[in-house]
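Visitor: Combine both chains into one complex, guided by the hints.
Protein sequences appear in the order of chains H and L. Each residue of the first sequence is one higher than the one before, starting from 1 at the first, in my numbering. Each residue of the second sequence is one higher than the one before, starting from 1 at the first, in my numbering.
Read the hints as simulated data drawn from the structure, not as lab findings. Errors might be hidden in some of the hints.
Here are the computed distance ranges between Cβ atoms for each label pair [what the hints assert, rightly or not]:
hint	chain 1	residue 1	chain 2	residue 2	range
1	H	Val92	L	Val196	49 to 55 Å
2	H	Glu182	L	Glu129	37 to 43 Å
3	H	Thr204	L	Pro141	49 to 55 Å
4	L	His120	H	Ser139	21 to 27 Å
5	H	Asp284	L	Pro238	55 to 61 Å
We treat Cβ as the ideally placed atom computed from N, Cα and C, and that holds for glycine.
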Amino acid sequence: MKAGSNRIEAVVTDVVVVNELVKRFHFQRADGETLPTFSGGAHIVVEMRDEGRTRLNPYSLMSSPLDTRDYTISVRRDDAGRGGSLFMHNRVEPGQRMVISNPVNLFSLDLRARKHLMIAGGIGITPFLAQTAQLAAGSGNFELHYSFRNDKVAAYADVLHARHGRRVHLYRSDHGENLDLERILSSQPLGTHLYVCGPDGMITWVRDTAAQLGWPAEMVHYEHFAAPQPGKPFDVTLAASGIDIRVGEHESLLEAIEAAGLSPPYLCRGGVCGQCETNVISYDGKFLHNDHWLSEEDRRSGCKIMPCVSRFEGKSLVLER
Amino acid sequence: MGINFRQETFRDDFSFRNSPEQIRRFPFPFHEDGYMYSVNIEPHVPGRKNTVFEHLFDVDEHYISEMQDRAMVLAEDPLRCQSLPHMTLAGWDTLELLMTEKAKSYPDLFSLTRDGDKWHWINRPLGIEDRFTFGDTSTLPYGPLEYITRQSQGDFAVLDQRDGNLWMDAGMVTTQADWSLDFDIGMNFFEWHAPVPLAHEMGVFTRALKFLMALQQGQPARRFNWTMTINPRLDTSPENYHKWGVDRTTVTPENVGHKVHLRVEVQMFFRLPRSNALLFPIRCYLLKMEELVTSPKWARRFHRVLRDLPNELAEYKGLVRYRPTTVEWLSKYDDGMPTSPGFGPD
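Just chain L, with the same shape it has in the complex (with noise of 0.2 Å):
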């Protein structure tokens, strides 16, 4: 297979950009020509070939680079990482479930030897090799959760479950659509959901979390959540705000082509066998509108989509200043025509 791993940024000069197989399998998804909420959640099973959900965790063309920019991001604020005491063995959860998936999913770039309790992980694109006690912090050179998200694509919020209700208590949390961990740190699923606009008079997040506490151990799920980013960046956290805020004030109909990404988050939910901790991977994928508009349909459904977006969701995804210009330039790919059912480029 071979992935062709890009070394690009998400910052600065903003070097990032898709290859043409990459934009195949961008995970778009409207599946019609319009959007509004719902509880669109589905069992996370691996997929087709080709396509992000080919394995439970997908590792792609811009792996080392993410990870290059995780890392810039935890040496300026450490606190994009947190763990509360009770939640180190959810930690060792996640490292177990992210080394076994990513070493069956990728057997020449990862490996896992376990012996009992003492394990050898391989990572060969990031060049890391440690051999560790499981369960004994003092082995690793961070905690569990730490170390393994250093090494994987994607958010991870860990909600300990109790009291009829989900709590924000563990996550690992830099390639975000303006939330913050270090804000959200020890809330229930109501409390950080509270700023969402329309959802809770639909009572999408009642039964979001009634499905969501009954999730059993092997049946993960997943679901779509999208907004929009001007410039390719990563980071686009509240702690941030001052450095990209006012990027949404450089579009023009000259370079929204390059710079306005639509953002693509495949969430997904997996019940912890020791902890019985709910594991929450957000993974960003980032698309140009140059890259979207490669597929006619994508173009055509895009375009339907933002134009006729509600007001309240466009100010809460904090699109309204660039979406005219947007809907303008998109205009252009849509001749009218029918598109077809399903996600897919055709």
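Just chain H, same shape as in the assembly (with noise of 0.2 Å):
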């Protein structure tokens, strides 16, 4: 179902080298009326246009909630990835028109919690940006735990701490200097809720860490940060649209869905939400699972794809789409 527009005409109104892996892209309203209010953990859809290909990538908003004059995010480079990353890197500059999405949240705090602990990992403190700083205008009480590789890639480490003190924690590999978990996990009062974001291996010992604590899986709340990756081209048949497609080297399923001209649901491009579910017809190959959202039946099965985040190897894949 398509409800009124989930389109926002933006400028992009500064970009800030943070380091050198990170850049901050600020956007404003292009008719020049404040964006929506939002969430802190909230995302934003980034439409980028690149030579007749059209990308969306969802990058966490990292502004205050309070102050919607401006939304910013922060976007790593990876030179290996499908180069969303590398399009905002080196063709995004001040001036420039894009087209970003309404804000969803799909790692919103649990406002019942009497304490947040948070957990991040490198770009993964995106989400805590701005949760942080909704949580600190309402005297809400919160506890951040940050590891990085080192200074130089310590986006906001500065900020962090300025703005919230003691509250803050910070920790260098590089220096040997490691989050104690369990410690950490053990000493919290009751009615914490506990968030983390950063890369996969983070997320599952947490998760596990938790887990064996002893903390119920209803106050562990958790965001994989996953963008698509590059794989082989393969091809696939759109069944109920009666349409062939070749998704490329360096596109999503998704994208090469949207680019014939379809428009399946979707809230993530992660991997996460599960709307853009899609049921396998039949298939002769391999699925490369990149999603966090299907079962271990679901994959063995052979019968769904998660087309934001999934690809295919072999020799033919028909989709009931």
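Guide: Okay, structure coming up:
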């Protein structure tokens, strides 16, 4: 179902080099109005028009939810990626017009929490910038643990420390400073909710450790920020539409379906929300499932795929689209 | 534009009725000559002039009287409005949405001036003027949800979204078709829908929940629901069943026209921006049978819908006892001619 418009005409008002890997982008509405209110943890989808191709990449909003004159996102350059981050880094300049989506929150704070315990790794810090700003304004109780490789790539560590002082704990892995997760998780007051955003390995480690220590699953919240990975081109038949498509090396299956004129539903474009789940009618080959949505059983059965992040290698793939 | 607000009652002498213009804009919910459940959800976008969908939040000729009735219900039973502690932010979201939309849709009736978090609200029909600090509950006479929903027609459920489910954690419920906020508070989507027959087996709720959890900001949706009510009583609550349950035994062939009402709910869904909660306004419209039959198409169609309604549904909607009398009365207005497609009265 399409209701109203989900697209916002925006202008890039500033591009700031944060460190050797990360750039920050500021957006304002092209019509000068304020942007929609959002909640900490929300992301927007940025449309990138790249020589006839359209990429739609999600990025967490990191600006304060209390100030919607502009939205800011941070993009980590991924030289081996499909080119979305390179497009943002190399092609986007102040003054440029871009289309962004309304904010969507798949990583929201549980407002019942007596305390919010946050654990971030690397660029996974961005949703916490917005959440801590929101909580600090409402005198919410939080504690943030942020680990990064070294000082050179410690995006916003200084900003967070200046804003929130002792509530922020920083860990430089090149200095051997490691997060003592068991100690942190064992010393929280009742009613604490745990949030983690970072590399997959970190999320698994935090979730497993919390489970071992008896944390109820509904008090542990996490967000993967995996982008679709490039891969070998493959051919797909969209049976319901009667269209054959080819998915390019740097294209996701979802993007190729959209380029063929279809509009499957989506929210996260990162294999998490389940919206674009697609039935497989037949296949001869091997699935490369990269999502966090399908169950092991779904994967074994070979009858579902998440086109936003997953790929295929083989002779033929027929989808119910 | 100017709305002629009616002075009328929804209890005791039941002086409620619809003007001819209001009848024409009634949200008749049947697009065909039969009814079965469906996840009949559509985008909630401003619609045609002189319909209840002209604005996102409809204000009509019953506004002042409905708000007076709500105040009476709350005076007797304050638990009709509740908000669990973590839902205060969602209350402010609701207040912002209702104030901005009302001021935009009806500038001659409502005005909102914002200077940062210093807000100035004027509600002319109800004679209310308040200056308050957005986000500071101590600057309003009630909590934000209660404050604004004492000034807004329809019930409001506010649903927290977490753990892959929706939770009924706040609301203002005084014009309901036999359900209770005080009973449902804290329940999840499947728990509060448990009494509904047939729909579970059809997978309706699983699909509806999936849709609602994915509902995005700026893209509200709506659907219809309907039942019937004897006498134009807004507050048909379980709490007051002893007052209205007996009404259902009072229908006779002579009084169907003014006693029996089609009760339509326009249910809306909004994603709230700060709290990420879902706002679920349930707006109730009443139409007397004698008002309904002023549209020959609606008369024919509603006769057929009511006559052919599956028994489980008739039972769940509580209209078993007076259905035969009402169907008989309506049959006089059904000449068997075909009806045109669509909802409109022709």
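Visitor: Now, for every hint given, state plainly whether the structure supports it.
Guide: Taking the hints in turn, this is what the structure says about them:
Checked against the given bound of 49 to 55 Å, the beta carbons of Val92 (chain H) and Val196 (chain L), roughly 50 Å apart, stay inside it. Between Glu182 (chain H) and Glu129 (chain L) the beta carbon distance is about 57 Å. The supplied range of 37 to 43 Å is therefore violated. A C-beta distance of roughly 50 Å is found between Thr204 (chain H) and Pro141 (chain L), which places it inside the suggested range of 49 to 55 Å. Range check, His120 (chain L) to Ser139 (chain H): Cβ separation about 26 Å, and the 21 to 27 Å hint holds.
Checked against the hint of 55 to 61 Å, the C-beta distance between Asp284 (chain H) and Pro238 (chain L) comes to roughly 59 Å, which is consistent with it.
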